[in-house]
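*Asks:* Each chain, written out:
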Amino acid sequence: MAPLEPQEKVLVSEDFLDSTHGELACVDCHGGDDTADDKEGAHEGFDPQPSINNPQETCGECHEEAETVPQSLHMTLATFPGYLEKRASEDTWEKVDHGRDRHCASCHTSCGGCHVSRPKYSGKGFVNGHIFSAKPDPVNQCTACHGSRVGNEFFGARGQGDVHLEKFSMSCEDCHSAEEMHAAAPEGLENRYHLEEAANCKDCHQDLQYGSVRDHRIHNNKVQCQVCHSQSYVNCYSCHTGTDEQGIAYFINNHEYEGMKIGFNPDRIPGNNYKYVILRHVPVDLKLFDYYIKDGFPRFDVASTWKRASPHNIQRRTWQNANCNNCHGQRDLFLDESDLLDYEIKANIGVTVADDQIPPKRARVMPLGIDASKVNASRVVTVEWLNEHLDDDNLVILDARSESEYEHGHIPGAINLDPNATEGLRTDPYADSALTIEEDETLAETLGEYGIAVDNHIVVYAKRGMDAGFLLGLLDYAGADNISILNGGIIAWELEELELSDEEPDWEEKTFEIASRKNLIVDTDYLKENLDNPAVKIVDVRVLQQSTGLTGHGLAGRPGSIPGSMKFPLPGLYMDDSYLKSAEELLWVLRERNIRPNQTIVVSCNTGNWAAAAMFMLRYLGYPDVKLHDESWINWED
Amino acid sequence: MQFKKPHAPVGTILTPLLCAALFCLLLSTSAFGDDSCITCHTDEDLLEENLAEDKTKKSAMQAGSG
Numbered sequence: 001m002a003p004l005e006p007q008e009k010v011l012v013s014e015d016f017l018d019s020t021h022g023e024l025a026c027v028d029c030h031g032g033d034d035t036a037d038d039k040e041g042a043h044e045g046f047d048p049q050p051s052i053n054n055p056q057e058t059c060g061e062c063h064e065e066a067e068t069v070p071q072s073l074h075m076t077l078a079t080f081p082g083y084l085e086k087r088a089s090e091d092t093w094e095k096v097d098h099g100r101d102r103h104c105a106s107c108h109t110s111c112g113g114c115h116v117s118r119p120k121y122s123g124k125g126f127v128n129g130h131i132f133s134a135k136p137d138p139v140n141q142c143t144a145c146h147g148s149r150v151g152n153e154f155f156g157a158r159g160q161g162d163v164h165l166e167k168f169s170m171s172c173e174d175c176h177s178a179e180e181m182h183a184a185a186p187e188g189l190e191n192r193y194h195l196e197e198a199a200n201c202k203d204c205h206q207d208l209q210y211g212s213v214r215d216h217r218i219h220n221n222k223v224q225c226q227v228c229h230s231q232s233y234v235n236c237y238s239c240h241t242g243t244d245e246q247g248i249a250y251f252i253n254n255h256e257y258e259g260m261k262i263g264f265n266p267d268r269i270p271g272n273n274y275k276y277v278i279l280r281h282v283p284v285d286l287k288l289f290d291y292y293i294k295d296g297f298p299r300f301d302v303a304s305t306w307k308r309a310s311p312h313n314i315q316r317r318t319w320q321n322a323n324c325n326n327c328h329g330q331r332d333l334f335l336d337e338s339d340l341l342d343y344e345i346k347a348n349i350g351v352t353v354a355d356d357q358i359p360p361k362r363a364r365v366m367p368l369g370i371d372a373s374k375v376n377a378s379r380v381v382t383v384e385w386l387n388e389h390l391d392d393d394n395l396v397i398l399d400a401r402s403e404s405e406y407e408h409g410h411i412p413g414a415i416n417l418d419p420n421a422t423e424g425l426r427t428d429p430y431a432d433s434a435l436t437i438e439e440d441e442t443l444a445e446t447l448g449e450y451g452i453a454v455d456n457h458i459v460v461y462a463k464r465g466m467d468a469g470f471l472l473g474l475l476d477y478a479g480a481d482n483i484s485i486l487n488g489g490i491i492a493w494e495l496e497e498l499e500l501s502d503e504e505p506d507w508e509e510k511t512f513e514i515a516s517r518k519n520l521i522v523d524t525d526y527l528k529e530n531l532d533n534p535a536v537k538i539v540d541v542r543v544l545q546q547s548t549g550l551t552g553h554g555l556a557g558r559p560g561s562i563p564g565s566m567k568f569p570l571p572g573l574y575m576d577d578s579y580l581k582s583a584e585e586l587l588w589v590l591r592e593r594n595i596r597p598n599q600t601i602v603v604s605c606n607t608g609n610w611a612a613a614a615m616f617m618l619r620y621l622g623y624p625d626v627k628l629h630d631e632s633w634i635n636w637e638d
Numbered sequence: 001m002q003f004k005k006p007h008a009p010v011g012t013i014l015t016p017l018l019c020a021a022l023f024c025l026l027l028s029t030s031a032f033g034d035d036s037c038i039t040c041h042t043d044e045d046l047l048e049e050n051l052a053e054d055k056t057k058k059s060a061m062q063a064g065s066g
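Protein sequences appear in the order of chains A and B.
Using the numbering used here, the first residue of the first sequence is number 1, and each one after it goes up by one.
Using the numbering used here, the first residue of the second sequence is number 1, and each one after it goes up by one.
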């Protein structure tokens, strides 16, 4: 979501003046002085957020819902103080609560943040020229706040995205009704799942125990739906708060990682009485409010730091439900004491699953039938391998992060080549011609300048695996065979506490003898000719908000997608933190989505960058005929 | 021959005129009031000229998801 310019934020459209709300005088809701003849006078007593500051006398004049909205969870975040107060003491609560109010409470919103403007937390500004919409905008409103988890997971910026959007074009309000959004939270509500009006999968998916799915009959009411149907999701650690030199409040989430853990339900109530649930590590930390008061949480252990979660990345078929024994007997999938930090072991006693509490493996299961024999295993190396081979003569290590990240510390000997910021790899995006990989001569010259020869063993790492994958896709096209991605990237290197350098290495320019694989590239004409060819599968690897047409790319004139293309966001192949899912899991997922090795797979995105990363991954997995639609959507739509 | 219009009483003519003028004045004040807001807020160039730098600030120290 691109930020709005100051004038865009307050620009009223002519259409608004013809709408029902446009019939009201501005001062009726916002106050101010409409007889003043200058800006300052007109804004005297002006209220930019009447639905927060004065809902009953503004929205409430016509909308009876405004009576309960001030007590709604969106307005009060009522369950936050409850948890924090439990962990604090009578002596510390006042200061902890002050910290909560300065940091955690800044996210709240009311009618306006859902029906007319972007919420305050996301920078405010009219979504559509002050025109009110009964249905909130999923991109500019709902996920403007609920973006880091819900938005990223729902739209496929982490994982494959959510089937409710991808297949059924459902939006937030299709599950989260107005009744839920407007409901007043009862006094003392312990957590948001307890709200009577809260969305529940079973509002739509009813009577599962009588259906044809055997596993529903077996697991119904024992296992939360998301245990079987969600993908991996983000966990946050160690949030700290403070105030910077300018007096602005800030928070720092020190660690985030994509993963999945099943644990015991910390919160069993009628209607949600599951034994096993998906758990997410929340960012609470002993020192969360140390800026305001030291040791603010003397009763830290009274509540778990792993909470019930409801990832918004549902798929009918997931790796957990691919086979009984993908879950049964999988120690790594269930929360264990070894997953906990020293100071949170006691807090999580009730949710961790001991060895003898894990559902045992089933003796006989259906085989998955995955053929991993074609996987090109040499295209992935581990940090252990790299650390042992740092001095190899033929090795070139490329750091595909930004220059500032590289300067902050990199693997010794690594050369910084950020494919998103380096000229000479791809053509000028603002030129009249299509944006593509550079001509051979230019590409070879650029790679040579960075000390790369075509026969080097080239290891690429980044913070996000897809950035490394993009560069590897270019190298693959240029004819390099001995190329590898570092599993876990810089994060794995740091977690292993291996040496980091802040010195740029000396390297000599080389001649990169380019042998470009032209057969890997197809243009827009090829796609037009093959739209109805069943042997050619076009895979759109953009995030779902773009491939479903909700939003467009900055370089594209319009949103949309290539007819007949299937949607599979790139983050379904690369995890957030550069770790790779197993080849077996990726092959299974691709097969489930009917992306099969016996087809010609054409990968496309907006500009060709993500598609190049997808091409690298599919070729690593052994897909024999992968083609890159280098011109991608911005050329197609033009 | 010149016909002379009969004289109407002055009050009969002026009262409705004064009422109409007063009504118009009140109406125009209100309409002017709305105009004063929307004149600016429907003109992007005018807004750009009159709006200072965006006041919404996030600390440079902030990091990670909320």
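Keep in mind that the hints are not guaranteed to be accurate.
Heads up, simulated EDC-like pairs for lysine to aspartate or glutamate below, C-alpha to C-alpha not over 20 Å straight-line [what the hints assert, rightly or not]:
(1) K361/A <-> E44/B
(2) K120/A <-> D91/A
(3) K9/A <-> E49/B
Among the chain A residues that face chain B by a calculated CB cut under 8 Å, a handful are [to be verified]:
(4) Q7
(5) L11
(6) D15
(7) S19
(8) E40
(9) I248
(10) Y257
Hints were generated in silico from the structure; no laboratory data involved.
These numbers were taken from a predicted model, which means no experiment stands behind them.
Quick reminder that beta carbons are idealized off the backbone N, C-alpha and C, glycines included.
*Asks:* Are the hints correct? Go through all of them and say.
*Replies:* Structure-based check of each hint:
{"no.": "1", "hint": "K361/A <-> E44/B", "verdict": "violated, 65 Å"}
{"no.": "2", "hint": "K120/A <-> D91/A", "verdict": "violated, 32 Å"}
{"no.": "3", "hint": "K9/A <-> E49/B", "verdict": "holds, 14 Å"}
{"no.": "4", "hint": "Q7", "verdict": "holds, 4 Å"}
{"no.": "5", "hint": "L11", "verdict": "holds, 5 Å"}
{"no.": "6", "hint": "D15", "verdict": "violated, 10 Å"}
{"no.": "7", "hint": "S19", "verdict": "violated, 13 Å"}
{"no.": "8", "hint": "E40", "verdict": "violated, 11 Å"}
{"no.": "9", "hint": "I248", "verdict": "holds, 4 Å"}
{"no.": "10", "hint": "Y257", "verdict": "violated, 11 Å"}
Of the numbered hints stated above, those contradicted by the structure are hints 1, 2, 6, 7, 8, 10, listed in ascending order.
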